[in-house]
Structures are given as structure tokens and as C-alpha cells.
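> Since the structure of chain H is already known, use the hints to place chain F on it.
Protein chains in written order, with the working numbering: chain H, 1 to 112; chain F, 113 to 226.
I should point out that these hints are in silico values taken from the structure, not numbers from a laboratory. Because the structure is a prediction, the values reported are computed rather than measured. Among the clues, some could well be false.
[Stated by the list, open to error] Calculated lysine-lysine pairs in the BS3-like style (CA-CA distance at most 30 Å, straight line):
1. H:Lys68 <-> F:Lys126
2. H:Lys42 <-> F:Lys182
3. F:Lys121 <-> H:Lys107
4. H:Lys42 <-> F:Lys121
5. F:Lys126 <-> H:Lys42
6. H:Lys107 <-> H:Lys1
7. F:Lys183 <-> F:Lys121
8. F:Lys195 <-> F:Lys126
9. F:Lys169 <-> F:Lys121
10. H:Lys107 <-> F:Lys195
11. H:Lys68 <-> H:Lys107
12. F:Lys182 <-> F:Lys121
13. F:Lys169 <-> F:Lys182
14. H:Lys1 <-> F:Lys182
15. F:Lys195 <-> F:Lys169
16. F:Lys126 <-> F:Lys169
17. H:Lys1 <-> H:Lys111
18. H:Lys42 <-> F:Lys169
19. F:Lys183 <-> H:Lys42
20. H:Lys68 <-> F:Lys169
21. F:Lys121 <-> F:Lys195
22. H:Lys1 <-> F:Lys195
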Amino acid sequence: KQEVTQIPAALSVPEGENLVLNCSFTDSAIYNLQWFRQDPGKGLTSLLLIQSSQREQTSGRLNASLDKSSGRSTLYIAASQPGDSATYLCAVLTMRNYQLIWGAGTKLIIKP
Amino acid sequence: DGGITQSPKYLFRKEGQNVTLSCEQNLNHDAMYWYRQDPGQGLRLIYYSQIVNDFQKGDIAEGYSVSREKKESFPLTVTSAQKNPTAFYLCASSATGEITGELFFGEGSRLTVL
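With the rest of the complex left out, here is chain H (with noise of 0.2 Å):
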């Protein structure tokens, strides 16, 4: 059964840092990788999707990578801003049984 975990569950760094959000999956059988931000109380939107064949893509200040023989994808965002606090979640859409499976987010906090 995949397993879709992000780790920290929480993170705060300062205004101007370049940081890293991580994704990790357990069955890399796997059509596509999404990442998404969803503000407080927000529905979702979508940042970047990144197909199996595929090792990364970008997006102005967001670059997504995707190893799916180590079952992981980083989501780096440079020069981070207050703007980009908000949580981030991916999600897989996987070859077994078709279902896009959720993690459950990493909560970002950028300190002015």
C-alpha cells in the first residue's frame, strides 16, 4: 500500500532563505508527483507537477525534483518570502490501483 509522507510536519526559517520541503513515498509504481499549497482555511492550488519520466520542474521560484528509485521529491523554494507561509502537501498518483494518495503536509512559517 503506498504510504506518502512529508517530513518536518512544521518548519520556520527567516525571511531570504533558500529551504527545502521534502516528499517521500514508498512504491515508486508511480504516474506523477503534485505539489500544492493551501493557505489557512484555503482550498488548495496547484505548484508544480512533475510526470514519471521526468526529474524536475520549475516554476519562478520553485523547483520540484522527483528520484523515484529512492521514492522521494524535494520541493526548494529560493529566496523564500512572508508570502510562501502556508502549508505544502504532495501528492502521488499511483500505477497499482489508479488513487492519488496525500500526505499530510509540512506547515511553512518565513519570519520578516
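Just chain F now, with coordinates in the frame of chain H:
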């Protein structure tokens, strides 16, 4: 502006009552989904619909019901059979009936049982 609209944003329910959460999309998407979000847990799929007049149970469908009479609308009813309904409910859609593409989410509805 295209998007997904969920209503109400906050809802309070007495035990034994059924409540219906609305989800409307104007993205012309074929597929729609309902997720439940609880603190410290990943999202869990309640129901999904890949096409009008068809829907399938997700991982936690017990105590919930849906309908898909129109492409734009996918309401979720939380019935009295759902033993622990207090949660944040999220509606989502994707362009095709297969979830290989980007998911778009509504703003969510928070249900509290009194």
C-alpha cells in the same frame, strides 16, 4: 473568471441532520471530486465522478452521498449515518476523467457538528 465555487464556507449541523455541500465549476471539466481533510492527515477521497450521471465511491464513502446531474455541479450530502462528520471538505475538478493532469480546488467548506 473560471473556477470552483463551494458553499457554504461554514456550516453547523445538529446530530441526526443531513446537510448538503454545494460545488459548482465553470471550467468545463469532466471530472469532479470530493475530499475530506482532517488535521494531521492527508486528504481522503469520498466520491468522484468522471462523467455526468456517473460517480464512484472513494476510500471513505460511508455516510455520504452525491449526485452528478449536470456537468457543472457535484453536490455532497453528509447524512446522519456519518458518525464523525466534523471536518474540512474540499471539492476539486480535472479536465479529463483521468487524474493524470492538474487538479483545481475550491475554497472548501468547514462542517461542524454541534
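> Against the earlier hints, flag every one the structure doesn't satisfy and list their numbers going up.
1, 14 and 17
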